[in-house]
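Residue-level listing of the chains:
Number of protein chains: 2
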Amino acid sequence: MDRAVHRLNQVLPANAVITDPQQLRTYECDGLASYRVTPAVVVLPETAEQVQEIVRICAEHELPFVARGSGTGLSGGALPSSDGVLIVTARMRRILEIDLANERAVVEPGVINLDVTKAVAADGYYFAPDPSSQQVCSVGGNVAENSGGAHCLKYGFTTHHILGLEVVTADGEVVELGGPAREAPGYDLLGAFIGSEGTLGVVTKITVRLMRKPESVQTLLAGFPSTDDAGAAVSAIIASGVTPAAIEMMDALSIEAAEQAVQCGYPDGAGAVLVVELDGPEAEVAHTFTEVERHCREHGAFEVRVAADETERANIWKGRKSAFAAVGRISPDYIVQDGVIPRTALSEVLSRIAQLSAETGVRVANVFHAGDGNLHPLVLFDGSQPGATEQAEAVSGRIMELCLEHGGSITGEHGVGADKVKYMGRMFTEDDLDTMQRVRCAFDPAGICNPGKVFPTPRLCGEVPGRRHGVHPLVEAGLADQF
Amino acid sequence: MDRAVHRLNQVLPANAVITDPQQLRTYECDGLASYRVTPAVVVLPETAEQVQEIVRICAEHELPFVARGSGTGLSGGALPSSDGVLIVTARMRRILEIDLANERAVVEPGVINLDVTKAVAADGYYFAPDPSSQQVCSVGGNVAENSGGAHCLKYGFTTHHILGLEVVTADGEVVELGGPAREAPGYDLLGAFIGSEGTLGVVTKITVRLMRKPESVQTLLAGFPSTDDAGAAVSAIIASGVTPAAIEMMDALSIEAAEQAVQCGYPDGAGAVLVVELDGPEAEVAHTFTEVERHCREHGAFEVRVAADETERANIWKGRKSAFAAVGRISPDYIVQDGVIPRTALSEVLSRIAQLSAETGVRVANVFHAGDGNLHPLVLFDGSQPGATEQAEAVSGRIMELCLEHGGSITGEHGVGADKVKYMGRMFTEDDLDTMQRVRCAFDPAGICNPGKVFPTPRLCGEVPGRRHGVHPLVEAGLADQF
Numbered sequence: 037m038d039r040a041v042h043r044l045n046q047v048l049p050a051n052a053v054i055t056d057p058q059q060l061r062t063y064e065c066d067g068l069a070s071y072r073v074t075p076a077v078v079v080l081p082e083t084a085e086q087v088q089e090i091v092r093i094c095a096e097h098e099l100p101f102v103a104r105g106s107g108t109g110l111s112g113g114a115l116p117s118s119d120g121v122l123i124v125t126a127r128m129r130r131i132l133e134i135d136l137a138n139e140r141a142v143v144e145p146g147v148i149n150l151d152v153t154k155a156v157a158a159d160g161y162y163f164a165p166d167p168s169s170q171q172v173c174s175v176g177g178n179v180a181e182n183s184g185g186a187h188c189l190k191y192g193f194t195t196h197h198i199l200g201l202e203v204v205t206a207d208g209e210v211v212e213l214g215g216p217a218r219e220a221p222g223y224d225l226l227g228a229f230i231g232s233e234g235t236l237g238v239v240t241k242i243t244v245r246l247m248r249k250p251e252s253v254q255t256l257l258a259g260f261p262s263t264d265d266a267g268a269a270v271s272a273i274i275a276s277g278v279t280p281a282a283i284e285m286m287d288a289l290s291i292e293a294a295e296q297a298v299q300c301g302y303p304d305g306a307g308a309v310l311v312v313e314l315d316g317p318e319a320e321v322a323h324t325f326t327e328v329e330r331h332c333r334e335h336g337a338f339e340v341r342v343a344a345d346e347t348e349r350a351n352i353w354k355g356r357k358s359a360f361a362a363v364g365r366i367s368p369d370y371i372v373q374d375g376v377i378p379r380t381a382l383s384e385v386l387s388r389i390a391q392l393s394a395e396t397g398v399r400v401a402n403v404f405h406a407g408d409g410n411l412h413p414l415v416l417f418d419g420s421q422p423g424a425t426e427q428a429e430a431v432s433g434r435i436m437e438l439c440l441e442h443g444g445s446i447t448g449e450h451g452v453g454a455d456k457v458k459y460m461g462r463m464f465t466e467d468d469l470d471t472m473q474r475v476r477c478a479f480d481p482a483g484i485c486n487p488g489k490v491f492p493t494p495r496l497c498g499e500v501p502g503r504r505h506g507v508h509p510l511v512e513a514g515l516a517d518q519f
Numbered sequence: 037m038d039r040a041v042h043r044l045n046q047v048l049p050a051n052a053v054i055t056d057p058q059q060l061r062t063y064e065c066d067g068l069a070s071y072r073v074t075p076a077v078v079v080l081p082e083t084a085e086q087v088q089e090i091v092r093i094c095a096e097h098e099l100p101f102v103a104r105g106s107g108t109g110l111s112g113g114a115l116p117s118s119d120g121v122l123i124v125t126a127r128m129r130r131i132l133e134i135d136l137a138n139e140r141a142v143v144e145p146g147v148i149n150l151d152v153t154k155a156v157a158a159d160g161y162y163f164a165p166d167p168s169s170q171q172v173c174s175v176g177g178n179v180a181e182n183s184g185g186a187h188c189l190k191y192g193f194t195t196h197h198i199l200g201l202e203v204v205t206a207d208g209e210v211v212e213l214g215g216p217a218r219e220a221p222g223y224d225l226l227g228a229f230i231g232s233e234g235t236l237g238v239v240t241k242i243t244v245r246l247m248r249k250p251e252s253v254q255t256l257l258a259g260f261p262s263t264d265d266a267g268a269a270v271s272a273i274i275a276s277g278v279t280p281a282a283i284e285m286m287d288a289l290s291i292e293a294a295e296q297a298v299q300c301g302y303p304d305g306a307g308a309v310l311v312v313e314l315d316g317p318e319a320e321v322a323h324t325f326t327e328v329e330r331h332c333r334e335h336g337a338f339e340v341r342v343a344a345d346e347t348e349r350a351n352i353w354k355g356r357k358s359a360f361a362a363v364g365r366i367s368p369d370y371i372v373q374d375g376v377i378p379r380t381a382l383s384e385v386l387s388r389i390a391q392l393s394a395e396t397g398v399r400v401a402n403v404f405h406a407g408d409g410n411l412h413p414l415v416l417f418d419g420s421q422p423g424a425t426e427q428a429e430a431v432s433g434r435i436m437e438l439c440l441e442h443g444g445s446i447t448g449e450h451g452v453g454a455d456k457v458k459y460m461g462r463m464f465t466e467d468d469l470d471t472m473q474r475v476r477c478a479f480d481p482a483g484i485c486n487p488g489k490v491f492p493t494p495r496l497c498g499e500v501p502g503r504r505h506g507v508h509p510l511v512e513a514g515l516a517d518q519f
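Residue numbers (our numbering), protein chains in the order written: chain Z, 37 to 519; chain C, 37 to 519.
The calculated EDC-like cross-link candidates involving lysine to aspartate or glutamate, where the alpha carbons are at most 20 angstroms apart (straight line), are: (1) Z/249 to C/327; (2) C/190 to Z/139; (3) C/249 to Z/327; (4) C/357 to C/295; (5) Z/249 to Z/346; (6) Z/241 to Z/151; (7) C/241 to C/151; (8) C/190 to Z/251; (9) C/241 to Z/466; (10) C/190 to C/318; (11) Z/357 to Z/369; (12) Z/190 to C/315; (13) Z/241 to C/467; (14) C/241 to Z/468; (15) Z/190 to C/139; (16) Z/190 to C/251; (17) Z/241 to C/468; (18) C/190 to Z/315; (19) Z/241 to C/466; (20) Z/354 to Z/315; (21) C/241 to Z/467; (22) C/354 to C/166.
Estimated spans, in silico, between C-beta atoms of each pair: (23) C/129 to Z/130: 45 to 55 angstroms; (24) C/196 to Z/249: 21 to 31 angstroms; (25) C/342 to Z/160: 23 to 33 angstroms; (26) Z/305 to C/136: 30 to 40 angstroms; (27) Z/305 to C/196: 34 to 44 angstroms; (28) C/327 to Z/418: 57 to 67 angstroms.
Derived from the structure by calculation, the hints contain no laboratory data. By construction, the Cβ of each residue, glycine as well, lies at the ideal position given by its N, Cα and C atoms.
With the sequences and hints as input, model every part of the structure.
Shown next as structure tokens:
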């Protein structure tokens, strides 16, 4: 390791290599703080060339490396290796090119999501992916996790807004994936790379798609007696052929938490609220908005509030956007679960969650992207009570299983990371996992690129000796929470 | 080979194994008839299990195999191997499931593109990818080639309409890629597989996305003095934030050909016509259609004709849809080129093509998807004249280079196949190609899955002995045209 650090210091500028134990602690976890590992070294490159040098040094010394953007991920995808190098992209924050005529921009991986929009907003454009962390998360992190957001119902995930990537693979090659042309020959590895959670290489340049700001945006808040009624309204809206920009649902417990925290003034006594946003050309929005209002009322909405201006729109969103933090005020601890179910199973799964909550006495607040069936159940507990953490984890795990039983997915937008490795075998067959593992080995035969993440079973890459891909040693040993 | 044929006969129904030389000739080429190779065996499986058996037999006997849908491809992607098995999916034409609530259907690979739409049209749905061969081409072929069509400007390519695949990989494993959930964990290999031109495995089941038929469709035909004027109108339309369902352009020579063939009544004396189609909610279409008309007139359109009903709409499309065949009436032979350029380079590239045509005396008719810069220059020649074929090929090749010089792509929707292998090295670096090759080897270490297609340089897959991936021996020897 000493020789590697020496080499890193040679190729990087001053202050770009951190080995001081106190400073390294800053990087021991990402947004999932229950997993903590201190890296051996942290490096802060400023250019793609420096990233390439770092990866080459890692390859030469057989050191694992992990890339990290802003560290806001919620699945431990940027959890460091204790014997490896953490590549932090915080100094790669230049917007390299803005090409409005072709509706695209080229940015470095450390650029903050919202800064892309800020750079083009005056010209009427924006970058669509809007994870709730968009004021602090990096575009590189969005690429790694294929981040979603409230508006991915209409606009899709990060993968739908990336046109090309420059990446450094585990052997230090610089490779272009995708590119300016809408369809390129050869394999479309862009999609495979996006959402690969840092296991296929390090992104050094990102060509993002810019979107025209819609001419008109209309937002409503509707209060329903129950989540069932709200769910039926969601189905009716979608079935009518309307695709809102966002349909968010909150249940009684999350409304209560949000009300206490930010006094958002949501309808009294609502068992559920929907926030529905439409955007597009003025004429279209005006027309379809009336339809959406009608669907809400026909499915039991006892109050429908339409935002008359930007201030009222912000007020409607305030309750939704503060929900996660607000739950922290009514419970000492909580687990944010992230699962996907077919929209048609919404009612069934919500009632199963309610039943589970009643049986166990564990409170569950539901805040979620109703339009695309991406649930974010918040499982409340008090970690100071004996057994409470374990019980909450069991409930959270049971919710995950409900998603799987209904043909859904173990993650909608937070990723597998270190946290959900154990569920991968439930979602995929051995042959499916084999195929993914082969692709991983194709990119990283030595197994040094974010090892221990995403895939469940330790496997060898063909005849290549050395490190095994697979679960993180800490996760394997069940020790991840004890650091 | 005899033993393999014996085994194939054991696992397949009667009449599903063809070895009669006369019958084999039927399969010697796809839509690119300049490359012809007779396969050693043709098999016609009826189920995914039979495909798996066939692939296992091929793997066991180290026989190359090629999958073929309807054989309408234009790049030789389904060109057989003379020492291998051609897997024809013509008997796999069942629509297995239609799930309107979740807007999807599951089909077998041999299902004809248009038959998907026919099956759901009464319920107001359709399958969006619309290659001009949609009445005969198969969905499996669309997946292999990532087919486009006139409406991919707004609706994207096949890859945007496939939710999941069941595929048999080269070692006979059945693997699920993608699936019903909108975002799944692990690698998104669905995108890598779509458009891989049969080199990563054989598709056995396809989950397609169904779209709601738009409430309203409006179509106009505009005549311009020149392609430059028409190109400027296209830029103005796109820059205004409107995304038409289609913007098709034809130049004077293709208009002339279409007029002679189908008397489509396009504006007299036009140097170019645009066909612009808008679809969506009635209110939106009415509003934006006025804008599109205005942009056309402001950029020199001397005649704008709006389709008042379905018959007039069909008439407008008739000229465009017949253009390829029509050119066959004004020239004994022609090459269909397929390249992509950034939309902003349209005017420049078209004038370079005109210059090239003037210099060489080779006529070039331009018919293309103007909205997304996908050119289809038709290079006209008379193969009975000495040297004419070579000269036409040189002009066609030069057009390809123009696309590359302008940052475009060597294929927009027809694929690389056997035909454009030689250009791959112009578009990608060695490191880029290496990465793709590694992925290919990950799926097919023995190199038996559609060998000789897509990739230029013969390479070995690590230490695995056996067949080399790379150019088809016929292509390598320059003999492909001589069969």
